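Residue numbers (the numbering used here), protein chains in the order written: chain G, 1 to 411; chain B, 1001 to 1396.
Derived by calculation from the structure, the hints in this document are not laboratory data.
All figures in this text were calculated on a predicted structure; none of them were measured in a lab.
For each residue, glycine too, the CB sits at the ideal point set by N, CA and C.
Some clues are possibly wrong.
[Unchecked claim] Below, a sample of chain G positions facing chain B; criterion: calculated Cβ distance under 10 Å:
#1 52
#2 53
#3 56
#4 57
#5 68
#6 70
#7 105
#8 228
#9 229
#10 231
What follows is each chain in one-letter form.
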Amino acid sequence: MQSNSSNNNNLPQTSHTSTSRSSDSGEACGGGNKWASKLLSECARAISDKDSSKIHQLLWMLNELASPYGDCDQKLASYFLQALFCKATDSGQRCFKTLATVAEKSHSFDSARKLILKFQEVSPWTTFGHVASNGAILEALDGESKLHIIDISNTLCTQWPTLLEALATRNDETPRLKLTVVVTASIVKSVMKEIGQRMEKFARLMGVPFEFNVISGLNHIGELTKEGLGVREDEAVAINCVGALRRVEVDERNSVIQLLRSLSPRVVTVVEEEADFSSSRYDFVRCFEECLRFYTLYFEMLEESFAPTSNERLMLERECSRNIIRVLACDEENGGGECERRERGIQWSGRLREAFSPVGFSDDVVDDVKALLKRYKAGWALVLAQGDNHESGIYLTWKEEPVVWASAWKP
Amino acid sequence: MLQSLIPQSPINSTDPNNSSSSMKSKRAAGDFTAGDSSSEDPSSKRASYEKPTTETDSRGDDGGEASGLRLLGLLLQCAECVAIDNLNGATDLLPEIAELSSPFGSSPERVGAYFAHALQARVVSSYLANQAIFQALDGEDRVHVIDFDIMQGLQWPGLFHILASRPKKIRSMRITGFGSSSELLESTGRRLADFASSLGLPFEFHPLEGKIGNVTDLSQLGVRPQEAIVVHWMHHCLYDVTGSDLGTLKLLTLLRPKLITTVEQDLSHGGSFLARFVEALHYYSALFDALGDGFGADSVERHMVEQQLFGCEIRNIVAVGGPKRTGEVKVERWGDELRRVGFGPVSLGGSPAAQASLLLGMFPWKGYTLVEENGCLKLGWKDLSLLTASAWRPAD
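Okay, chain B solo, but in the shape it has when bound:
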């Protein structure tokens, strides 16, 4: 699985960064410092710091492919830890990931740097989110979580940990989970029950097939007295979670939960953090490859683009929960979003496609593809789709 995630480009052999590091300077015998004073004017007794070193990469980058694989492995391991809220495990891995990566290195090292940072940020925000939950539930011994779109329920083990390690024991821990498939709900419920029992937590799971917006009566949620209610609402720009936003809001006013946690999700598939992470890693590896080919090895411009644009995007994708990070999250697939609010597509075949091809042809970069599909234009890099461009008008 790991192998398939490494871009199949010849970057490892022809990447400008890798080649610079193999440019090891040959040192003459007796040569000690860079300012080799023994070959300079001997009368300048104390001046030996003049001669510049050759511009080799001091990261000593031999075995680039091996360390790239190791970096990838560590990133995935770390992401798995984050996905099950094992923050200590994630924190232990991050230093090594950081050491192996650098925004000024080869493509895998650069991608690794931004993902490492995003994971670090995620660890901190998970900790803070858990703290918020912990504080909100202070003094409560009966907790009822209502999850509007529970899917695999991967965020709940974290809460279980917190509650299980509290000095004041929990008397009742319930989760009411909405979902579209009763099979998935069942397996999620089983998994959560196993986990809870391994921690010695009293646990009940209540599956509800359907959407929260269709609930009209609190009794359908099985609300009991003296419970602290926590609502978890994952927004999904690509499908309708609630069925009715207005209805949901009305219900929340009735419910008056102790805490509402919300999440925005930008990629189209994989509800779990881990799946999203893997997809993003694949996508951005290709993108960084593409940039690596286009810019020079030490390009400050490329660094700025990567750090400011992609670093932020990667953080947006990896971060779950809390406020949007930059306030302007890119929606990559406008089509479904626009359909939901009542638009129909306009074909971009013919003149617009021709113009785009012409533009692409002006650049010397290799590996880009331009494909017209269903009236949309898809820009790709070595057969991975990067962007989808489409045009829409109101459907009648």
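Isolated chain G, as found in the complex:
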């Protein structure tokens, strides 16, 4: 079955292996109007051309029409306007820092947890990667008695209860599990203590011998060491990277991958969002267009997945606004906060192949993911990557656009 998406940005060409019927084509957001992307693109171009009167005219118009509480067009206009405004006034750094500090202050364990659980309830955006990764990890570590999972993510350990459960219900003897979580997002750091306590409690309930460690003092992942992680010779190591690699500065990505290789893992699972803010990072207009494309999808997905008056959706949108400012209005060098330059699956594959070989997901795992998708609203599908062309893994698609990529690798 041919994919009939008109937007052919690297859409994998293989057949859909599982499709939920998509909702009828009355779009959730702004129908055919899409005035926001037109104005925004023109403004980005004017900024690149340094046409200051045009810039100001367009900013003025966007300011008139934007609202963070309106429909998709109004929201996109509002958040992208903020980034463009920061760029025009050279205040991206300052703005990002303020937004990040404020968000961190207002988050608590309860609010962070409720947010991520609600998101997982209404959308497979994050659970897709969890189910695929857990499947690959369990298969790679089958038969081992001492497991060490190094989790480089900011998912508040929502991935692990199912894995613990699977370990507990295996036919053979329950293995020991050591879970080392490497946390980069400052918002997450403050809540890890409580998360750890709950994980330990849960593992006790499951009857799985369990050890939990958090590493949060790093400035960047490149500082990890075998000793620092507590990796022992008799352990079977799995490394789980969910939204982790995109937080590494672009020039350091290959060496971080080599670092992961040096930990001698049995399997490395990588989950990333399907967007490219990296190859265009010195070309403002191209980067802007890609940013707009990706976040339009994301906002539309959020709007269709959540209730109209949802505070959780609002918080996720605000998180996007910080990322958009980071990508579009902050300098390369003085990051101050995580890099957010996403890359596509095919780009990550190219990098990972320098140190690893791809492991395909088994039929069982693919079935599990399909079963997961069936539990959500229509519009989601799983697509396998093509074998050649150095691509591997599976894609989560929403309305036939690939949005999340999951893959597994071995040395």
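Based on these hints, arrange chain B on the given structure of chain G.
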């Protein structure tokens, strides 16, 4: 002062939104995720995302009143920054205001959300307006501002900032300000002079008691050669700024200023941005309260009304300068406007008042008042006037 601005209704204890957030779900020991698989069928190995969470507000809204006060304080602080054109200061405060507010929260949070957005829009448009002035004055080193209704002159510090920070130094900066009271003009002049000297700007103030429309000769304005003239015209729907619109226009053609900036003002008192802001905050807090009582907690309809109708109105009030935001600004007090163009009032006592009372009685909402005053009908919410209805015919 802050306390008096918080609606004195019992919203903080009985607001449906607040009560939902206190409905904290009690979690059993060992319970970890919402999909509590340990209590579900253990054979479904990898399926644990089914059970929906209880509908609690994930904003973790404890201490609602304390955060409501903090939100109010931040809003006022931000408005003060905007009023003196301290855009950096305002921009620093907006993220926190946004985090504390939400269009889907309690009444103060909802009001806060729209005001925060309006302030954000104001910051952007101030920046753009300053840019326009900056560009218009590019290359000029003598500037003469003629303000048709200067009042406290609160918009000029912004311009002073711009001019003071230019690499090409200003040789002369003059403001000619019209006003109705020589006392006010004097104090405004003093304040502006102090501010200018703190920035090292050469400054002169020329007060003119009266209206621009009465000026017939350019020499009355003290125009000098080689000056860049900027005219600032604040329209006021409730009193006559110019004295004669036609006369003013004739004068402008003679003057040929480099730039004319205009402003429309909708509330009846407080020329300053800050006073207008405070009044609007008070008014809309009451209004949002009223809506909160009438609709349910998660009402999509209420959200639509607030976002589309009031959000726009609030923006109209907070925004100063530039084109009208929606093209259809509500004039709240038609009486004075109509008098100006030659109408007299018709009393609405008797039958129309009775009908209005009946209509109000059909709704279960509490707290509304209907009062007849000077032949007008006033709809109120807990003693704050919301709407004035009146009827007019040509006066002879």
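Quick one: which hint numbers does this structure break? Sort them smallest to largest.
8, 9 and 10
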